[in-house]
Structure formats: C-alpha cells, structure tokens
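The task is simple: from the sequences and hints, build the whole structure.
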Amino acid sequence: MTSSVVIPTKDRPADIQKCVGSIIVQTVLPDELIIVDSSSTGISSENQINCENIVGDKIGLIYLRSSPGVNKQRNLGAEKASGEIILFLDDDVVLHADYIEKILEVYKLKDDAKLGGVQGSLFNYYNPNWINGVFKKFFFMTRASKNEKGRFLPSLGYVYILEPKGIIEVEAMPAGLCSFYKKVFNKFKFDEDFDRCTDLEISYRVSRNYKLYQTPFALLTHNHSESTHLPARDFNRKMLINAYNLHRKHTPGKLKNHIAYCWSVVGEVILNTIKSIKALDARPILGILDGIRHIMQMNKEG
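For the sequence shown, position 295 matches number 294 in numbering that gives the first Met the number 0, and the numbering has no gaps at all.
Treat the hints as calculated values from the structure; they're not laboratory data.
These numbers were taken from a predicted model, which means no experiment stands behind them.
Please note that a few of the clues may not be correct.
Listed below are the simulated SDA-like cross-link pairs for lysine to any residue, each with C-alpha atoms no more than 20 Å apart in a straight line [unchecked claim]:
(1) K136 x M238
(2) K182 x E83
(3) K17 x V27
(4) K79 x N208
(5) K109 x N208
Here are the computed distance ranges between Cβ atoms for each label pair [to be verified]:
(6) E78 x K145: 36 to 44 Å
(7) D233 x E45: 23 to 31 Å
(8) I273 x H223: 19 to 27 Å
(9) I61 x T220: 22 to 30 Å
(10) P230 x N208: 36 to 44 Å
(11) Y62 x V24: 16 to 24 Å
(12) D280 x V27: 27 to 35 Å
(13) E78 x H223: 35 to 43 Å
(14) I61 x C261: 43 to 51 Å
Glycine included, C-beta positions come from ideal geometry on N, C-alpha and C.
Below you can see the structure in the form of structure tokens.
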C-alpha cells in the first residue's frame, strides 16, 4: 500500500520545516512528500531549499509552486500524487512518530469497497467547558464532544469527537489531518469555491457514498500558527458566509435544515456578542454581522 503526503503552505517557513521534520522520522515513511507552496517568491525559494535539506534522500520530494488558495493547492498536490493513499496535512502540524503507520493500519483493518478515508486525532485538542458545549448543542452549532457520535447536524454544523476510545466511523474529517484513497478523492476533490468549511464540504459529499473513520492511535499536534491567521472580524465573516454556502449547496429547499441553519446563526450572534463584551473587542460580533449582511445581499441579488 503506497502513500503520498500533501501539504499546502503559505508564508510559514518555520512551521513547514517542523512539519517536514516530523514526517521523515516516521516509523513507516510515505512514498513521497508533495509540498504546494503559495508563499512569496523569496520565502518559497527558502522553503524549498530548507525542505530539500531536511528530506535528503529519505523519501521522494515534489515541490510545487501555486497561486494562493488552500483547496487549489490540495487539489494540485493530489493530482501529482502517485500513492494509493493521500494524506493531507496542514503546514503547522507535527506528527507523532507512528502517525502514518497507524493511519495505514486502518486501511488494512477496514479493507472494504466502501472505505473512503481515515483521519487521525489531535493530541493537543481544545477541551471546551460544559457550558460552551451545552450552548452550542442547543443552537445546532459545530462543536467538539467526547461522548457523542461524529455526525452532521441539521444545520450542517458538525460534532467532532475528542479522544475516541477506539476506531470509530465518522461523517466528516478535518482537512488538516485527513486521508483518502486516491481513487475515491479523484471523484470528489476539494471545492475551490470554499475557503472555509472546506473539510465539511468534501466530507459531506464523500460520506454519502463511502465510510470515513477516525483512529485515536494516529496522533498529531496542531500548533495553530498565528503568522497568517485572519483577524477575528474577517475570520468570522468568512466562516459565516461559507457555512451558508455549505447549507445552500447541500440542503437547498429543505425547511428543517433551513430553520436549523438560521437557529445556528442566532447562536453565533449571541456567542460572539458575549466574546466581544468580555474582550472589550467588537471585532468578533462585527464579523458575524458583516457575514449576515453579505448573505442578505446575496439573497436579494438572487
């Protein structure tokens, strides 16, 4: 069983080096590493030299340049991949030493014509307090849980699972720690019109046709690089608009889903109002309101 690792990166030279460093010490090495870089020319050239030095002759390295767009970068990397399994990683993750080995073990264990993909688990996950969890559950908002089933909500929010006790079936996989059979991925690919909710969008399509699994035995650390993160206002605006586009694409005309989606937006307004008040920073709620205005304008224009 051959495997390819695909990493999109942009302007994070320190992060990509740490990530690559964790790949070349895996107990089971991938057959190739494909890095798709949309950094500025100077940073991209530096990244390539550094990554080539780290990898050496341990595995094959394909270094590609691309215009910005994380889904475009992922799709380009997958197009060039020769492995039967494609593992997608964010550039700010660090793999535990047996991550790839444990991912591939699931493909062997669950060998089935309906198997589509496998995800690992976060070692340094954020564990929200119970009040946050109850609030998000009430409003059908995307949340993390330890004791529920990984599933899409009527709003097309999602319940991510923390610390599963064993290998479990899920309906969605985070884009930064997912993997697919290449033959399955080629039927779906990442939708390049989305720049948020990308994992939910592709997972929704794949999980209607194939089984997806999460293993607690393949662990990685996500360092949440701040170097290129959007400000809170821009992030919330994009998040809300893309969540709406997800709902509009996959559950159009379904009243139950539309009501659940609108209810989740009410939750976002309340939650981000509280965040803004506590932080004395209006940007979180302003981003949500910007998103609502944009969605209303989209509907007005048809």
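Structure-based check of each hint:
1. K136 x M238: Holds. K136 to M238 sits at ~18 Å (cutoff 20 Å).
2. K182 x E83: 7 Å, holds
3. K17 x V27: Judged against 20 Å, a Cα distance of about 18 Å means the pair holds.
4. K79 x N208: 24 Å, violated
5. K109 x N208: 16 Å, holds
6. E78 x K145: 36 to 44 Å: 37 Å, holds
7. D233 x E45: 23 to 31 Å: 27 Å, holds
8. I273 x H223: 19 to 27 Å: Since the Cβ atoms of I273 and H223 sit about 22 Å apart, the hinted range of 19 to 27 Å holds.
9. I61 x T220: 22 to 30 Å: 25 Å, holds
10. P230 x N208: 36 to 44 Å: 38 Å, holds
11. Y62 x V24: 16 to 24 Å: The hinted range 16 to 24 Å holds for Y62 and V24, with Cβ atoms some 20 Å apart.
12. D280 x V27: 27 to 35 Å: 45 Å, violated
13. E78 x H223: 35 to 43 Å: Distance hint for E78, H223 is violated at roughly 28 Å.
14. I61 x C261: 43 to 51 Å: 45 Å, holds
Violation of the numbered hints given earlier is confined to hints 4, 12, 13; the remaining hints are satisfied by the structure.
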